[in-house]
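K.L.:
Letter by letter, the chains look like this.
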Amino acid sequence: MIAGSLFSYIVVAMLLLSIGLLGVISRKNIFVIYMSIELMLNAINLIFIALGRHHHSMSGHIMAMMVIAIAAAEAAVFLSLIVVLYRRKKSLDSDIFRSLSQKESL
Amino acid sequence: MMDILFLLLASFAIGGALGMVLFHQPVHSALSLILCIIALSGLFALLSASFLFMVQIIVYAGAIITLLIFIIMFLNVKEANLPKEPHKNITLFLGSLGLIPLNILILRAFYKLPSSFVEKNDNFGDIKPLGMELFEHWLLPFELISILLLVALIGAVVFGRKEEA
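So the protein lines, in turn, are chains A and B. Using our numbering, the letters of the first sequence map in sequence onto residues 63 to 168. Using our numbering, the letters of the second sequence map in sequence onto residues 4 to 168.
This is chain A alone, in the form it adopts within the complex (with noise of 0.2 Å):
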């Protein structure tokens, strides 16, 4: 009776979202950082399907839906300037991207 219920999928969204949300503060690297966000994103769907499958409605289907969409635009978005701030620094350390910061830059 795990599976037929909706507290142990909102479990297991709410592990996978504080490691995403642990990965996007705790680790420096960029590409850990975009994965983790995904992997946020990824949580936050099954919930909405979880729920969606409680209410016996689509619409958290849909929900879901678009946040594959928007998912998909901001991977295209995030890698190239992912590409674009590895051609400039030739680092991935995300502490190095602080020309905007307002402590002096190093």
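Hints in this document: simulated from the structure, not taken from any laboratory. Any given hint could be a false lead.
[What the hints assert, rightly or not] Footprint (simulated), chain A over chain B, 3 or more residues, beta carbon under 8 Å: (1) 7-17; (2) 20-31; (3) 36-50; (4) 54-66; (5) 70-84; (6) 125-139; (7) 149-157.
[Claimed, not checked] Using 30 Å as the maximum straight-line C-alpha spacing, the simulated DSS-like pairs for lysine-lysine come out as follows: (8) B:115 - A:151; (9) A:152 - B:131; (10) A:90 - A:152.
[Said to hold, decoys possible] Here are a few chain A residues that sit away from chain B, every Cβ distance over 10 Å (derived from the structure): (11) 115; (12) 161; (13) 162; (14) 163; (15) 164.
The C-beta atom is built at its ideal place from N, Cα and C for all residues, glycine as well.
On the provided structure of chain A, position chain B as indicated by the hints.
P.N.:
Frame of chain A; chain B shown alone:
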């Protein structure tokens, strides 16, 4: 049977996600993210979302992560260009401690909901009811998504262009 499948898929998803956060090389992270996403698509199938199961595999594992791995290989990052993260384990541990209250809050809110799903034997989650719902109630957001994709396409081309001196 469904329970075993659910536990298997959930452990694969969480293990893939943990591997993605913990690995040092970006290629290893991307490969374990693929594992996580395919396990998640299995969870979608358990939730009787058969169309989204296919979309997840085709769009995420087939397009987005493949593009990501392509970019990683295209950049050809050496070990010296990777960021050094000497305090990675400590920050991960402290961050996971800090995220516990958020999880407790949201899980307590969901614990109050009635938990078991309604069982109805219609074609819930198939492509036809999803298309009907999409084009009856969500037509304007659907068209706006196409504009968003066009803008993202143009933006990616503009960013990726070599700047003239």
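K.L.:
If a hint holds in the structure, say so; if it does not, say that too.
P.N.:
Hint check results:
no.	hint	result
1	7-17	holds (count 6)
2	20-31	holds (count 5)
3	36-50	holds (count 8)
4	54-66	holds (count 7)
5	70-84	holds (count 8)
6	125-139	holds (count 6)
7	149-157	holds (count 5)
8	B:115 - A:151	violated, 50 Å
9	A:152 - B:131	violated, 49 Å
10	A:90 - A:152	holds, 15 Å
11	115	violated, 5 Å
12	161	holds, 16 Å
13	162	holds, 16 Å
14	163	holds, 17 Å
15	164	holds, 22 Å
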